[in-house]
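Peer 1: Below are the chains, spelled out letter by letter.
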Amino acid sequence: MTPTPLPEPATDRVRPADDHRPGADATPSPPRTGSNEVVLTLTVNGEAVRRSYATHASLLDWLREAAGVTDPKLGCGEGVCGACAVLVDGEPVSSCIVLAVQVDGATVTTASGLAGPGGALGLLQRHFHELHAAQCGFCTPGMLVTAAALVASGRRHSRAEIRHALHGNLCRCTGYGPIVDAIEAAEADPLLRRVVEGGAVEVAAIAGEGRLP
Amino acid sequence: MTTTASPPGGRALPGPAEVAAGEGAATSDRARTGGGPGVTGVRSSRAGELRVVGQALARLDQAEKVAGTTRYAGDFALPGMAHARLVRSPLPSARITRRDASKALALPGALCVLFGEDVPHNTVWVDVPGQTVEVAALKASMEVLATSRVRFHGEPVALVVAESEDVLAEACELVEIDYEELPGVFDPEAALAPGAPEVHDGGNLLGEWRIDRGDCDAAFAGAAVVVEGTYETQLVDHAYLEPEAGVGWLDDHGVLTLRVATQVVEHYRDVARILGLPESRVRVLAPFVGGGFGGKEDMTVEPYVALAVLQTRRPVRMVWSRGESLLARPKRHPVRLAYRTAADREGNILAQEIEILADSGAYAYLSALVLLYSSVHACGPYRVANVRLRARCAYTNNPPTSAFRGFGGMQVVLGYESQMDRVADALGLSRVALRKRNSLSRGDALPVGQVLETEVALAATLDAALAAAGPKPAPSGPGRAVGRGIASNLQSYGRLVWLNDSAAAWVGFQLDGSVTLRCGVPDIGGGQASSLAQIAAEVLGVSMEHITVHFGDSSLTPLAGTTTATRQLLMSGNATYGACSALRDLLLAGVAAELGEPVEGLRLEPGAVVGDGVRVPLAEALVACRRQSVPIEALGTFYGPKGRPVTRDLDATRIFPDFTFGSHVCDLEVDLETGQVVLLRYVAAHDVGRAINPRSVEGQIKGAVAQGLGMALLEEVVVEEGVNLTGGLFQYLVPTATDLPEIEAVVLESGEGMGPFGARGIGEPPIGPPLAAVASALEEATGVRPTTLPFTPERVLACVAASAPARGARP
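Same order as they appear, the protein sequences are chains S and Z.
Numbering of the first sequence is given in the working numbering, commencing with residue 13 and proceeding in unit increments.
Numbering of the second sequence is given in the working numbering, commencing with residue 301 and proceeding in unit increments.
Worth flagging that the hints you see were computed from the coordinates, not collected in a lab.
Fair warning: this is a prediction, and the values are worked out from it, not measured in the lab.
It cannot be assumed that every hint is accurate.
[As the list claims (entries may be wrong)] Quick list of simulated restraints, FRET-style, between CB atoms: (1) H176/S / D644/Z: 49 to 55 Å; (2) H176/S / Q810/Z: 44 to 50 Å; (3) P17/S / P906/Z: 38 to 44 Å; (4) E214/S / R926/Z: 51 to 57 Å; (5) P17/S / G808/Z: 49 to 55 Å; (6) P17/S / T369/Z: 38 to 44 Å; (7) E920/Z / E59/S: 46 to 52 Å; (8) E920/Z / S165/S: 51 to 57 Å; (9) E103/S / P379/Z: 48 to 54 Å; (10) P379/Z / H176/S: 42 to 48 Å; (11) A1101/Z / E214/S: 51 to 57 Å; (12) P379/Z / S165/S: 41 to 47 Å; (13) G749/Z / R168/S: 42 to 48 Å.
[To be verified] According to the in silico footprint, chain S covers these stretches of chain Z (three or more CB under 8 Å from chain S): (14) 496-502; (15) 596-608; (16) 713-727; (17) 797-806; (18) 834-841; (19) 1040-1048.
Note that CB positions come from ideal geometry on N, CA and C, so glycine has one too.
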């Protein structure tokens, strides 16, 4: 049986190209070179990552395309929706409107960096999980890092305060209630209370029991 | 802590004779025929007898989503992957006079530029159902890439593929396209006026539906009260957080594979048609989708990724920017509603006269069907014997409109519920009592003729919502007024009955006792796949963790149809139920043969087949099946209820499988100086039949309410003379955590739905009432009812100003 032939590229507006079918040719694209690239080193989720990438790249593009960390999402590209939120030296920022070159040498924590040891769910992730704080899940990585910064302050917050802290993170699925529930529950978690007794803690400390002192 | 008022499993409603789990279970045969007219498809069971269904379990997809490891369509990459983008029309109505790709192609790294002539089958035909020859456009068409004429701002004209996103951006700038501007039409009423510029040849009337039931003239003549109202809804966007995205590649055997954010893997057929390929050579994979709401029901990136892959023979990724998504993807129909309602002195609604005019934008998409939904739902959950309805939708040079959660059943809630308030006020009756008095009951017919076959718990939802809301709060200070609004609705679940809907699911035991479930359902965030696992866990006596669901693959999972129309629990839920029931029966048969005992004495319990003095652990039962040549896998196919297609003059015994009913209460405060509205509290009560997972049900209700409240108060895609001015989320105001109140979901369970375990669909229904509930609350707070959406502070202030002379007299 002969399979139906694929339509030929039917235009003169196509450059000839080799077959890049996966498996047929697994050679990656040639490394980028040239003056429009810059070498940056960031500590991403506890690991030093050194990459040469486009000088004009946003932190979000650098994380996703250069470092392969895809949990921060591109939702709007204009710093409004919060899906790209990451922690830079503990502070939440919209990584789509920060240039990677601005934060060379910084410590970046994304949602996946809030996991506990061995990839188990971290404390905050666990409460999001139990209380159905994610539906489609696309806003969740940004929600988690914003929540992490709030929880790391060590203070317990009212629901109104939690809502205010989340106002830069859009969610289209949940109506926010379950997310507020999860953050409230995380802040009340006895495990966390023990750690934050003395006040604010490093964000890494809220990740999971394994990292708690 | 959580904001739910209901215990797990929800509140039981008194229902008809209920059937124990298992006894009412469908065999695969019954699943094939179930759900026909009558309630043969209803499988009811007491919540207390269920082990897994009804539990607020963590969804299967939750752990990866909160870990940040879920790979959405745009997160995927392949070696050698190129990037694609569309060049779109900057004008709403123009002739294309010149296209030149030479400068773009000269750019190093640019791979190809495609125009419409390069698309094997560039014209896509759309059926416009139910229309008579009086409506010119029986078939509507659109081009994948416009060749000579553009009809809306943002219409795709060229497809550019390049080595990198950077080169791509530059190459798109270098594609030269010249236009000659043509007159356009930007308002549906103007579009239907004689001499209006034609968007398509043959006139601008795209679709029309009518209902003529009873004797309206006599009813109006004999009415104690007649109230009139006109209402206007705006253009709104789905604004899911995940913009349209996909990656395509040529797999082995030349199978064109697309991994895209979609609600419909069955678009592989459309892609095949456009490319001139056999359907068997195109495969669509739907990974977890970052929100759909109807916006990923029509094709988005699919044909373009496919073309780019075929032209370059390389993997290609296309991700739309937020601006593109807001600019060019079809949105919700702006609708003008004119209602005239007649009632007698006791408050019985005697007649409704309704005119609906919807803006379809530049292309047909699903407009005629959306308008059909508006027509069928236009009288709400009420008995109305005399109805005259005329609904039309018109082409304009505005952005196209198509599916959006509620699908035409949503906008009309603002009309019929505002009218119910007005009738109650005119007669001096309670708004709640008026609704209860007119509520549909089982056995009543909708104005189109469909008789309701299942419980209508409208009154119970009203009582439950009001009880949960408690007393109305007092204003927080001087210059502020608090209003409470109520609104009820009905919304169909399941597709139109003449679409011959079906869904299939395959389930098999592995030898270690774990379960593999395959179902083509796309999971767009509502827990679609997880709900199927919960159903399977219930029937097969295994725990959720032992079930793996493979979903959303048009080649390797049995097709389950679209995740739209609130149909997946009904359709793939029943298919899964049927497959699992059949598998359970096979397991029992295998053990019976092994033991030489009658199968009737055996039942499946968690982890074992059990009979009188017999207990065979699952692992041994599976081995027994192998020895007895009994399969340990089963396919279940569920066919939805069927019926005949409608014609323009609607009169049908059945249009939808069934309906979901609900009632909402909204408390809000208005600053009478500024018009600022603060939502204080919101309660939404729905009869969901049976909550398979109460948390998922509450999630659907709360999320739909949030989306409805956004439309009520904040959201609008602003279009001026066809030019879309809304370019980003800084302009398109999706509600934030501080804009929304605590939303409480009250889950009622009549056990009367047509889904598995008596479940009804709940994805769309709760988005209906918020528009009307907010309007009603604003009327109470300001003294004047707002009728044009969105209810911005300016419009609320206009209500305050209009009622100023009377306000002193209000209690």
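Peer 1: Compare the structure with each hint and give your call.
Peer 2: Status of the hints after comparison with the structure:
Between H176/S and D644/Z the beta carbon distance is about 51 Å. The supplied range of 49 to 55 Å therefore holds. With their beta carbons about 49 Å apart, H176/S and Q810/Z fall inside the hinted range of 44 to 50 Å. In this structure the hint that P17/S and P906/Z lie 38 to 44 Å apart at CB is violated, the actual value being about 53 Å. Between E214/S and R926/Z the CB atoms are about 55 Å apart, so this pair conforms to the stated range of 51 to 57 Å.
Distance hint check for P17/S and G808/Z: the Cβ-Cβ separation is about 36 Å, which falls outside the suggested range of 49 to 55 Å. The hinted window of 38 to 44 Å between P17/S and T369/Z holds, with their beta carbons roughly 39 Å apart. At about 48 Å, the beta-carbon gap between E920/Z and E59/S stays in the expected band of 46 to 52 Å. Between E920/Z and S165/S the beta carbon distance is about 56 Å. The supplied range of 51 to 57 Å therefore holds.
At about 36 Å, the beta-carbon gap between E103/S and P379/Z misses the expected band of 48 to 54 Å. A hinted range of 42 to 48 Å for the beta carbons of P379/Z and H176/S is consistent with their spacing of about 45 Å. Checked against the given bound of 51 to 57 Å, the beta carbons of A1101/Z and E214/S, roughly 55 Å apart, stay inside it. Separated by about 43 Å at the C-beta atoms, P379/Z and S165/S satisfy the suggested range of 41 to 47 Å.
As the Cβ distance of G749/Z to R168/S is approximately 58 Å, the hint placing it in 42 to 48 Å is violated. With a cut-off of 8 Å between beta carbons, the stretch 496-502 of chain Z has 0 residues touching chain S; three or more are needed, and the interface restraint is violated. For the stretch 596-608 of chain Z, the proposed coverage by chain S is not satisfied: 0 residues have a C-beta within less than 8 Å of a C-beta in that chain, short of the threshold of three. A stretch counts as covered by a chain when three or more of its residues have a beta carbon under 8 Å from one of that chain; for the stretch 713-727 of chain Z and chain S the count is 0, and the coverage is violated.
Check result for the stretch 797-806 of chain Z against chain S: violated, 0 residues qualifying (beta carbon to beta carbon below 8 Å, three or more required). Check on the stretch 834-841 of chain Z: 0 of its residues sit with their Cβ under 8 Å from a Cβ of chain S, so the three-residue criterion for coverage is violated. Note: the stretch 1040-1048 of chain Z has 3 residues with beta-carbon separation from chain S under 8 Å; the three-residue rule is met and the coverage holds.
Hints 3, 5, 9, 13, 14, 15, 16, 17, 18 from the earlier list are contradicted by this structure; the remaining hints agree with it.
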